[in-house]
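Protein chains in written order, with this note's numbering: chain X, 1 to 264; chain Y, 1 to 245.
Bear in mind the hints are in silico, worked out from the structure with no lab data behind them.
Mixed in with the good hints, there may be bad ones.
Unchecked claim - Cross-link-like lysine to aspartate or glutamate pairs, in silico, DMTMM-like; alpha carbons within 25 angstroms at most:
no., chain 1, residue 1, chain 2, residue 2
1, X, Lys157, Y, Glu96
2, Y, Lys25, X, Asp99
3, X, Lys260, Y, Glu138
4, X, Lys157, Y, Glu28
5, Y, Lys65, X, Glu100
6, X, Lys262, Y, Glu96
Unchecked claim - Each pair of labels, with its calculated beta carbon distance range:
no., chain 1, residue 1, chain 2, residue 2, range
7, Y, Thr17, X, Ile12, 31 to 41 angstroms
8, X, Leu154, Y, Thr94, 20 to 30 angstroms
9, Y, His188, X, Gly169, 16 to 26 angstroms
10, Y, Glu156, X, Leu116, 35 to 45 angstroms
11, Y, Thr17, X, Pro113, 35 to 45 angstroms
12, X, Asn4, Y, Ser109, 32 to 42 angstroms
In this text, all values refer to a predicted model and were calculated from it rather than measured experimentally.
Ideal placement from N, C-alpha and C gives every residue a C-beta, glycine not left out.
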Amino acid sequence: MRKNPGLFFGLIIFGLLIAGIVTAYFWTPYDPEAFVASALEPPSLGHIFGTDDFGRDIFSRVMKGAGTTLAVGTFTIVIGALAGLFAGAVTGYFGGVFDEIIMRVNDAITAFPSILLALVIISLLGPEKTSNLVIALGVAFIPSYARVSRTAFLREKNQNYVTAARLMGAGNFRILSVHILPNTVSVLLPALTIGFNNAVLAEASMSYLGIGVSPVDPSLGFMLKASQSYLFSAPWYAVSTGLTVVLMVLSVGLIGDGLKKKGR
Amino acid sequence: MSERVLEVKDLCAGYTTTGVFGGKKYNEVIRNVSFHIDRGEILGLVGESGTGKSTLAKTVLGLLKPASGEVKNYTKAPQMIFQDPLSSLNPSFTIERILEEPLILRGVSSKAERVEKVKTAAKQVKLGSELLMAKPSELSGGQRQRVSIAAALLCEPGLIIADEPVSALDVTIEAQILDLLSELRREHGISFLFISHDLNVIYKICDRVIVMKDGRIVEEGVTRELFASPKQKYTKDLLNAAMEV
Chain X
1 MRKNPGLFFG
11 LIIFGLLIAG
21 IVTAYFWTPY
31 DPEAFVASAL
41 EPPSLGHIFG
51 TDDFGRDIFS
61 RVMKGAGTTL
71 AVGTFTIVIG
81 ALAGLFAGAV
91 TGYFGGVFDE
101 IIMRVNDAIT
111 AFPSILLALV
121 IISLLGPEKT
131 SNLVIALGVA
141 FIPSYARVSR
151 TAFLREKNQN
161 YVTAARLMGA
171 GNFRILSVHI
181 LPNTVSVLLP
191 ALTIGFNNAV
201 LAEASMSYLG
211 IGVSPVDPSL
221 GFMLKASQSY
231 LFSAPWYAVS
241 TGLTVVLMVL
251 SVGLIGDGLK
261 KKGR
Chain Y
1 MSERVLEVKD
11 LCAGYTTTGV
21 FGGKKYNEVI
31 RNVSFHIDRG
41 EILGLVGESG
51 TGKSTLAKTV
61 LGLLKPASGE
71 VKNYTKAPQM
81 IFQDPLSSLN
91 PSFTIERILE
101 EPLILRGVSS
111 KAERVEKVKT
121 AAKQVKLGSE
131 LLMAKPSELS
141 GGQRQRVSIA
151 AALLCEPGLI
161 IADEPVSALD
171 VTIEAQILDL
181 LSELRREHGI
191 SFLFISHDLN
201 VIYKICDRVI
211 VMKDGRIVEE
221 GVTRELFASP
231 KQKYTKDLLN
241 AAMEV
């Protein structure tokens with residue numbers, strides 16, 4: 001812990017957030033959808049984050065909304081990282097015509113800003129389901145992972161230990177998964193945590209634009225959008241919601257950096 | 001007549017590079033090379049850097065396709081020992097895991113049996129068993145080279161190609177590694193193609209030597225005879241240069 005305070009604090013903050021999110025599935029101080037008090041009450045003992053424009057308890061809504069945001073971020077990187085890792089590993093390792101084709105497609109996707117690309121995909125899939133948002137963001141994040149993992153695999157494949165493994169009789173699949181993959185973790189893991197953070201922020205911006213998660217599920221991004229109109233009359237709304245996003249992004253960033261340090 | 005483990009005939013090999021506009025350019029590195037290695041023999045390969053020693057090694061191992069000529073390898077699983085032992089050991093594996101890999105690939109499915117064999121191999125190369133749990137980066141150069149020798153040994157090869165195996169090591173460690181290689185040759189009948197630019201090392205360990213220049217073999221012979229009376233000017237120059245040092 002003393003050697004790696006970043007990892008330690010990252011895990012603590014992330015752990016607390018997870019605890020809150022899990023608790024929200026069984027219990028929140030108030031029903032997040034119920035109008036429990038008058039609108040825009042400042043923070044008090046009864047409502048520690050205050051209430052929103054409909055008189056709903058913000059703390060309860062943040063607990064619930066953080067879960068949605070975390071799920072969107074997680075599944076987005078699962079889609080983006082898995083597909084990107086696969087594409088990067090195959091192109092970096094085998095090279096040749098296949099590499100050219102995939103990487104040129106990759107370039108074409110990169111040419112669109114990822115938010116714009118996600119917008120296009122959402123409008124094709126339909127905006128009513130949260131899962132469509134996850135798919136759209138996931139696809140938009142594939143190129144960056146593909147690029148990072150391609151570079152990592154390309155660098156490793158010419159190392160002598162790969163040649164040695166081949167001489168021992170290891171096949172391509174074994175070389176890729178058993179020999180090279182563990183050595184790319186120190187590069188891929190930080191990319192993963194940065195990707196997670198981008199996904200959380202992208203969810204927030206998409207919801208902010210009104211095309212993110214469906215309004216029935218509270219999400220941090222959606223709440224940030226709603227809080228904007230009351231930035232001066234009820235600053236606690238934006239601050240408490242924004243701070244939760246910041247803590248989530250910060251803790252994952254700290255964990256990523258910490259793991260990178262530990263890997264060395 | 002002793003048993004052949006490797007026979008190379010009229011071998012030509014090189015690299016093909018593809019230009020920006022798809023034009024292919026073939027750059028020949030190995031030109032009409034013929035030699036053979038017998039069972040239990042250590043054949044030295046000398047030459048300046050850039051003469052194609054490593055390319056020859058790659059071609060013999062089948063990592064590079066010959067342009068013409070043939071490589072007949074009569075042994076199974078030829079192995080290679082590299083100059084830089086750190087890059088030839090997987091940095092994220094422990095030494096034990098590195099040494100287990102050849103056994104896994106050979107189908108030794110019992111973990112206990114593998115560990116037992118790994119320990120035996122470590123003992124053979126005089127590697128302390130307390131080092132088995134270490135990572136390659138925690139070992140010294142000599143220890144790392146012992147690990148790569150042990151890994152090669154676990155493949156039960158008939159032929160090992162050693163590409164400058166001691167040039168990254170200091171002199172005392174060098175002597176130990178050379179002794180180890182001679183011992184393996186004696187006890188297991190393994191043949192070596194020993195690549196080096198250092199004639200002193202070649203003199204100590206090799207039975208026969210081939211001298212390479214610009215991708216061709218310019219001279220070959222039994223080590224002592226060749227060192228005592230080199231016929232080619234290039235070999236003389238090499239020897240003289242080595243004397244001066």
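Going through the hints against the structure:
1. For the proposed pair Lys157(X) and Glu96(Y), the alpha carbon gap of about 22 angstroms is at most 25 angstroms, so the pair holds.
2. For the hint pairing Lys25(Y) with Asp99(X), the CA-to-CA distance comes to about 21 angstroms; that is within 25 angstroms, so the pair holds.
3. Restraint check for Lys260(X) and Glu138(Y): the C-alpha separation of about 19 angstroms stays at or below 25 angstroms, so the hint holds.
4. At roughly 24 angstroms between alpha-carbon atoms, Lys157(X) and Glu28(Y) fall within 25 angstroms of each other, so this suggested pair holds.
5. A distance of roughly 24 angstroms separates the Cα atoms of Lys65(Y) and Glu100(X); the hinted pair therefore holds under the 25 angstroms criterion.
6. As the CA atoms of Lys262(X) and Glu96(Y) are separated by approximately 21 angstroms, the hinted pair is consistent with the 25 angstroms bound.
7. Between Thr17(Y) and Ile12(X) the C-beta distance comes to about 54 angstroms, which lies outside the given range of 31 to 41 angstroms.
8. The supplied range of 20 to 30 angstroms is met by Leu154(X) and Thr94(Y), whose beta-carbon atoms lie about 26 angstroms from each other.
9. Look at His188(Y) against Gly169(X): about 19 angstroms separates their beta carbons, and that is inside 16 to 26 angstroms.
10. Judged by the Cβ atoms, the range 35 to 45 angstroms given for Glu156(Y) and Leu116(X) is violated: they are separated by roughly 59 angstroms.
11. A hinted range of 35 to 45 angstroms holds for the C-beta pair Thr17(Y) and Pro113(X), which are about 37 angstroms apart.
12. Asn4(X) and Ser109(Y) have their C-beta atoms about 38 angstroms apart, which keeps the hinted 32 to 42 angstroms range intact.
Hints 7, 10 from the earlier list are contradicted by this structure; the remaining hints agree with it.
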